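S.K.: The whole structure should be built from the sequences, with the hints applied where relevant.
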Amino acid sequence: MTRTLTLLPALGAAVLLWLLAAHALAGWHWPALPFRPEAMTLDQIRLAFGLMPRGAIALVAGAMLGLSGAILQVVLRNPVADPTTLGIQSGAQLALVLGTVIAPGLMEYGRWPVAVTGAAAASLLVMAIGARRAFAPVTMVIAGMLVGMTASAIATAVTLSQGEYLLSLVIWNGGSLVQQDWSGVRALAFVFAAGALAAGLLLRPLRVLSLGAEGARGLGLNVAAVRLLAVTVALVLAAAVSAEVGLVAFVGLAGPAAARAMGASGSGRLMVLSAVAGALLLSLSDGLVLTLAGLGAESFPTGALTGLIGGPLLIALLPRLRGATPPGEERAEASLRRARRPYRLLGAISAAILLAGVVLLVIGRVPGGWAVLDRHSFATFLPMRLPRLIGATAAGAALGMAGAILQRLTANPLASPEVLGVSGGAALGYALAVFFVAVPGTGTLAVGTMTGGIAALAVVAAFAQRRQMPPERILLAGIAVSALASAVLAAIMSVGDTRSFLVLAWLSGSAAMVTPAGAAGLCAVVAAVWAMALGTRRWLGILPLGDGVAGGLGLRTGGARLALVVVAGVAVGGATILVGPLSFVGLMAPHMARRMGLVLPMDHVTGAALIGGGLMLAADFGARMAGFPYELPLGLFASLIGAPWLIGLMMRRAR
Amino acid sequence: MSLFSLTGLTVDVPGRRLLDGLTLDVPKGQLIALIGHNGSGKSTLLKTLARQIAPSGGAIRFDGRPIGAWAARDHARRLAFMPQTTPPADGMTVAELVALGRYPWHGALGRFGPDDARAVDRALAECGVAALAERLVDTLSGGERQRAWLAMMVAQGAETLLLDEPISALDISHAVEVMSLVRDMCHSQRRSALVVLHDVNMAARYADHVIALRRGQVVMQGPPSDLMQPRMLEQIYGLPMQVMLRPDGTPVAVPA
Chain H
6 MTRTLTLLPA LGAAVLLWLL AAHALAGWHW PALPFRPEAM TLDQIRLAFG LMPRGAIALV
66 AGAMLGLSGA ILQVVLRNPV ADPTTLGIQS GAQLALVLGT VIAPGLMEYG RWPVAVTGAA
126 AASLLVMAIG ARRAFAPVTM VIAGMLVGMT ASAIATAVTL SQGEYLLSLV IWNGGSLVQQ
186 DWSGVRALAF VFAAGALAAG LLLRPLRVLS LGAEGARGLG LNVAAVRLLA VTVALVLAAA
246 VSAEVGLVAF VGLAGPAAAR AMGASGSGRL MVLSAVAGAL LLSLSDGLVL TLAGLGAESF
306 PTGALTGLIG GPLLIALLPR LRGATPPGEE RAEASLRRAR RPYRLLGAIS AAILLAGVVL
366 LVIGRVPGGW AVLDRHSFAT FLPMRLPRLI GATAAGAALG MAGAILQRLT ANPLASPEVL
426 GVSGGAALGY ALAVFFVAVP GTGTLAVGTM TGGIAALAVV AAFAQRRQMP PERILLAGIA
486 VSALASAVLA AIMSVGDTRS FLVLAWLSGS AAMVTPAGAA GLCAVVAAVW AMALGTRRWL
546 GILPLGDGVA GGLGLRTGGA RLALVVVAGV AVGGATILVG PLSFVGLMAP HMARRMGLVL
606 PMDHVTGAAL IGGGLMLAAD FGARMAGFPY ELPLGLFASL IGAPWLIGLM MRRAR
Chain W
580 MSLFSLTGLT VDVPGRRLLD GLTLDVPKGQ LIALIGHNGS GKSTLLKTLA RQIAPSGGAI
640 RFDGRPIGAW AARDHARRLA FMPQTTPPAD GMTVAELVAL GRYPWHGALG RFGPDDARAV
700 DRALAECGVA ALAERLVDTL SGGERQRAWL AMMVAQGAET LLLDEPISAL DISHAVEVMS
760 LVRDMCHSQR RSALVVLHDV NMAARYADHV IALRRGQVVM QGPPSDLMQP RMLEQIYGLP
820 MQVMLRPDGT PVAVPA
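In the order they appear, the protein sequences are chains H and W.
Per the numbering used here, the very first residue in the first sequence carries number 6; after that it's consecutive.
Per the numbering used here, the very first residue in the second sequence carries number 580; after that it's consecutive.
None of these hints come from the bench; they were simulated from the model.
It is possible that some hints are incorrect.
Stated by the list, open to error - Facing chain W, from chain H, some residues (calculated, C-beta under 8 Å): (1) Met537; (2) Gly540; (3) Arg543; (4) Trp544; (5) Ile547; (6) Val554.
Said to hold, decoys possible - Simulated coverage check for chain W against chain H, where a stretch passes if three residues somewhere in it have a Cβ under 8 Å from a Cβ of chain H: (7) 627 to 640; (8) 656 to 666.
Keep in mind it's a predicted model, so treat the numbers as computed, not measured.
C-beta: ideal position from N, C-alpha, C; glycine also.
M.R.: Given below as structure tokens:
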């Protein structure tokens, strides 16, 4: 256990940073206990009721998130479970955003009930899906990510529609630890104590459960009840933190990961060490934020920084992670039926998309109803509508192909641009282009997003390459890259000038600004990507069988992977310009293609492209019509369509 | 000329030496069983020979050339490798799986020509899976699936087959079926096969030549009759063993 000693420098650094901030505020004239505001100077009050509770809340909230993540990982036997990946935090976030905007009256009773309700709803959905698949880790995470992405998509849409609340919501989303008194600390400490006690009581049942559900049942354990209780404890812990300080992503994932890397193997030790590691991680992050604030950067949300620290830390820790999924737990999909005539199916899908495109061109909504455009208005609208329809379809096709390529490349049914961090990287590239190029043109932005996407995927792929990496770890690396990207984005956004709003608006995607040239360019990207997929179709057939077989067949896997990574990155970068990173067409379309029985590499890629295009076409129509005469963001609408569909599908296919 | 010749082959993973200075010649044209206790390094040796693991030290020559000197596709035309757990081939039919074996011949862009089609048909027939050609691989029984993978290796056209515990997940009748097939593949088609086996009796029954490892070193290599001696078996497995003779005179080993 000497590795636990590595915590000491972290502790020292956290304390030191806090002390520096305290010293900058009030020197060494600390207020005496008990605190009496009337006897203090202003700076002492700010120390006693601002900085001190802030330091305390960082410790408590971090510990709660670490514990929450550890409980989830133990009970679900899932090394990538945490309040973020299971959608719990996003559920709480959505509930709070909705509460703030729609029913501010509710918030008078406190943010907690709202947050817990949202978190419970989200996790109920995720658990319901998981229960049908024996809580298989990969299924759980995909369900959690879907629910979480949908929730944050809705939250973003609501945020966008309410400009006046924007700033406070954005800051809250980033997770700000600023405190005005000790009430937050008291409340969280109470929940933490209760949660820790409950976790302690559940320890022995959880240890039995770690034998697997069947073994535990054989020992007379009520598996369902233990799972329900443990998840509830984890959920309340995470929701309380969300309500009090906002979205602090990643601590629940990084805490247990750090604890495992320090050699914590038993459930009890894992929980304790995770809480300690989580507390230190959040304190360290907040210490850095305080130091930055002392240097003039104001109201920088700490939650954004935990992502910054958490992502790279996790990537570094991953190879040392012990305890992957036990074999035999995971059978991702039932064996698939195959389409008997794939070409006919592909033809039918293309015809349907073409028909829908034509219909969407000629009908429109007018105040009070629907209308078929007459010749004159058709001629007027065509130059506006055609580019955006084509652009949206092409973006969907590009994302669909990228998803299909990535799923084959990694032999992982969950791989997709969104999950592997490609979209996050592309978004980061876009944001950097917006901020660092004076007047960025479309070309600059395209280069920015493509480079960002390729870079993100290259990090994940290089990492997966290093050794035989089971799929869930690749996934974890992708999540880490995504979180890093979104943390940087959040940090950029918290600067709060017009460019931030530009990035925020783009993040959820809009097709309104597509020029004919842009649409044509995107079509060219789609054609190029499809041609490259055709050229590499044999690799796409062999790579899903794994490195052992691929190498045995004389395929140089390194080179093949790199080429495919670049292809996927180009596709995602091109599409992301238009629809933003939020859509998860790249996850949905390849799945739908497979379910339809398009199994051979080129059928799969082509089918994913067509279905992705169709999804985007539908999303564009919905985005224009749902909020008529206002327009909702395209990527957002795409995820609103896609997520329930996929969730429904996962619920139905019980095995 | 020997198939493989190893000089001082060493494989390390952080903190542990898996193969410790192996020097040995592996003969050609035979079914060779690679046996040893769990963790003896037999799978590591096989994967190293298949270029799936890079050695930390020493040299391997395959077919007279240093193993690293072969271009990837040339190597794959001569040597086929089957991993211990064959990956799920979801949605793929047997014929499509077997056709993947032609990759070293046609490459990423080349045409799948009549030669390739003939090779696939021959492979399906040789491994007795022609009737299953249109079935999905994942719906086959364990023995059938193993034969489908063997057919892929046959289609690859390689004269050297490396199989990592091909029968460990099979019941006894399927195990016999697969091992008989592997033996026929060697004897009638002049291929060489290097097979990692758990079961010493299976090794004695089917192999022409046995290589036994213990703690990363070679304990014995020779004909199965050398293996089936109580003292030798005890040395390999660290457990007293008894060798009995069946009525037809073939030996069977059981723990004493």
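S.K.: Does each hint hold? Answer for all of them.
M.R.: Here is what the structure says about each hint:
1. Met537: Interface hint status for Met537 (chain H): violated (11 Å vs cutoff 8 Å).
2. Gly540: With Cβ-Cβ at 6 Å, under 8 Å, it holds.
3. Arg543: holds, 5 Å
4. Trp544: holds, 6 Å
5. Ile547: Result: holds, 6 Å to nearest chain W Cβ.
6. Val554: holds, 6 Å
7. 627 to 640: Per the Cβ count (3), the hint holds.
8. 656 to 666: Three-residue rule met by the stretch 656 to 666 of chain W, so holds; n is 8.
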